Each structure stands twice: as C-alpha cells, then as structure tokens.
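Chemist: Take a look at the letters that make up each chain.
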Amino acid sequence: MAETTISGRLTNLANPTRFLELVGRFLPWLAAIALLLTFAGLAMGFAAPEDYQQGSTVRIMYLHVPFAWISMFCYMLMAAAALGTLVWKHPLADVALKAAAPIGATFTALALATGSIWGRPMWGTWWVWDGRLTSVFVLFLMYLGILALTRALDDPQRSARAAAILTLVGVINIPIIKFSVEWWNTLHQPASVMRLDGPTIHPSLLWPLLVSAIGFTLIFFTLHLMAMRAEIWRRRVAVMRRMAAKRAENRAPA
Amino acid sequence: MNHAVFVTAAYAVSAAGLIGLAIWILVDQRMRQREIAELEQIGVQRRSARKAKG
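Protein chains in written order, with the numbering used here: chain A, 784 to 1037; chain B, 10 to 63.
Everything labelled a hint here was simulated from the structure, so no lab data went into it. In this text, all values refer to a predicted model and were calculated from it rather than measured experimentally. Note that the Cβ used here is the ideal one computed from N, Cα and C, for glycine as well. Honestly, I wouldn't trust all of these hints.
[Unchecked claim] Here are some, though not all, of the chain B residues that point toward chain A, as calculated from beta-carbon distances under 7 Å:
| id | residue |
| --- | --- |
| 1 | H12 |
| 2 | V16 |
| 3 | A19 |
| 4 | S23 |
| 5 | G26 |
| 6 | I34 |
| 7 | D37 |
| 8 | Q38 |
| 9 | R41 |
| 10 | I45 |
[Said to hold, decoys possible] Quick list of simulated restraints, FRET-style, between CB atoms:
| id | chain 1 | residue 1 | chain 2 | residue 2 | range |
| --- | --- | --- | --- | --- | --- |
| 11 | A | W909 | B | Q42 | 40 to 46 Å |
| 12 | B | R55 | A | G907 | 56 to 62 Å |
| 13 | B | Q42 | A | P973 | 46 to 52 Å |
| 14 | B | Q50 | A | P939 | 24 to 30 Å |
| 15 | A | N1033 | B | G29 | 39 to 45 Å |
| 16 | B | A25 | A | F856 | 20 to 26 Å |
| 17 | B | A25 | A | M859 | 25 to 31 Å |
| 18 | A | L924 | B | G29 | 17 to 23 Å |
| 19 | B | R55 | A | W967 | 50 to 56 Å |
| 20 | A | G928 | B | A21 | 27 to 33 Å |
Here chain A stands alone, though its shape is the one from the complex:
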C-alpha cells in the first residue's frame, strides 16, 4: 500500500536502496534546474542597476547573501538530522549529517571570503572581530569540528552519536549570528531582506538576489544528495570488506 503520511514516507526513505533509486532519478533534473536558476539570478544581478552608494560592488551581494543564508540553513538541517539520529535512529540521518558538514564548511568559508572581499572597498578593512563576523567564524570552526569528529572514530555508530550531540550544542550559535547585528556594535549592516516590516532593498536588486538564492540553495541540495549517495556507498564498501574478510578467515586452513 502506498504510504501517504509524512512519517510513512520517511519510513519508506529509511531504506537506503529506495533512497538511492529516488536520488538517481531526480538528481539530473535538480542539478539542471539549480544551475539554470543560479546563472539566471546572477545574470539578472549584472543587468540590474548598480547601487547608488556601493557602485558595482553590490554584485558581490548575489553571492555573499545566499552563501551566508545557506551556511545557517545547512547547520539547521544538520541539527534536524542530529535529532533524527538521537531520537528516531533513522538510518539516513547520520549519513545526511556527515555528508552535509564539508558542504556547510565550504559555503561558510565562501560567505566569509566574499564578505571580506566586499568589506575592503566598502568598510576600508578586510576583517573586524565584531559580533557578526566572529560568530560566523565560530560557525566555520563548528563545521570543521563536526567534520573531524565524523571521521575520527572507527565505529560509525559511536561517531554518529558524538557528532549529533556536538551539532545540537552548536545550534546556540545560529540565533547569535542572526541577532549579532542588533545586539552589538558592528560594521555589518542590519537585516535588510528578512524583516518584520518587509525588505528594505529596492525590487530591482531584490529579485536577482532571491532568484540566485533559490539557485544556490538547489545547488546545495544537489551536492548534499550526491555526498549522501557517496556516503551510503562508502558504508556498503565497509560492510562488503568485512564480509570478504570473514569469508577468507573461514576458508583459511586451521
């Protein structure tokens, strides 16, 4: 019987073979749409007028802002996966967490790098140790810590638990990043898109930003599904190697 409830669908997806089948079917389409939207968003950005104060450097926004959003979104996705590991013991939850860590680290590094490159002409400095920049740097270090932990222990179940706990502890940093521009003095501008009173960016710059943000988010999902597939195959290789070793042991003369 076809499962129609969300929990039923998640249970169906718990089967890695079924998951691989679905990924194989949808991944090429997802990758194509992701690239199309990203290039369309960036092209719209280059066709949009320059900012009256920032000049052409505003075009860095179409990279920097999506990267910063995705760096936090990826962490929340990993936190949800951590709950999946600790509470529901979903077999794909740890795979999702481990596969997301290097991708989140890359997007965070790119948010920091593009922010720094944007900061030099606009602020007159590459870096300041203020609330926003420091808390995003801490996020980058958290990703590196989780990355190391998921690869440090031989027993995948023990490393899954440890990485899930570390990930959940690190969630405290996400609201700190979000509100850092309001709580402390900073060179970084306050929120200008996700505000209760609506965006303060002119629509001619906002639309390219939204399209490129959707495009980069789909690129993130494409890379994540690819990395999850590689991780499932890595675990299969480990199981098959153990079986081969056992078989060789049984065959060996006493």
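Fit chain B to the given chain A structure using the hints.
Modeler: Below, chain B without anything else, positioned relative to chain A:
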C-alpha cells in the same frame, strides 16, 4: 583599487570553491562505485543484494 577587481575576485573565489567541492564529491562517488564493483567481481555481495536478485 577599482571596484571591478573586487567583484571579479569574489566571483572567482566562489566559482573555485564550488567547482572544487563538486569535483571532490564526484571523485568520491566514482571511487566508491569502483570499490563496490571490484568487491562484487570477487564474489562479495551484500545480503540485501542477494535477496533482490532472488
């Protein structure tokens, strides 16, 4: 310095980072697939794979 230099640098760094990440994941996938194929060639099969084949 000209603003265009900063814009170009930001786009170059981003392209290098994302293309590098994609290549790393693609190579990882390719290596794991090759390992599975090699193990299957010497007759090692997971229980679920044996069941699926009947």
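Chemist: Does each hint hold? Answer for all of them.
Modeler: Status of the hints after comparison with the structure:
no.	hint	in the structure
1	H12	holds (5 Å)
2	V16	holds (5 Å)
3	A19	holds (4 Å)
4	S23	holds (5 Å)
5	G26	holds (5 Å)
6	I34	holds (5 Å)
7	D37	holds (4 Å)
8	Q38	holds (4 Å)
9	R41	holds (4 Å)
10	I45	holds (6 Å)
11	A:W909 with B:Q42: 40 to 46 Å	holds (42 Å)
12	B:R55 with A:G907: 56 to 62 Å	holds (59 Å)
13	B:Q42 with A:P973: 46 to 52 Å	holds (48 Å)
14	B:Q50 with A:P939: 24 to 30 Å	holds (25 Å)
15	A:N1033 with B:G29: 39 to 45 Å	holds (44 Å)
16	B:A25 with A:F856: 20 to 26 Å	holds (22 Å)
17	B:A25 with A:M859: 25 to 31 Å	holds (26 Å)
18	A:L924 with B:G29: 17 to 23 Å	holds (20 Å)
19	B:R55 with A:W967: 50 to 56 Å	holds (53 Å)
20	A:G928 with B:A21: 27 to 33 Å	holds (29 Å)
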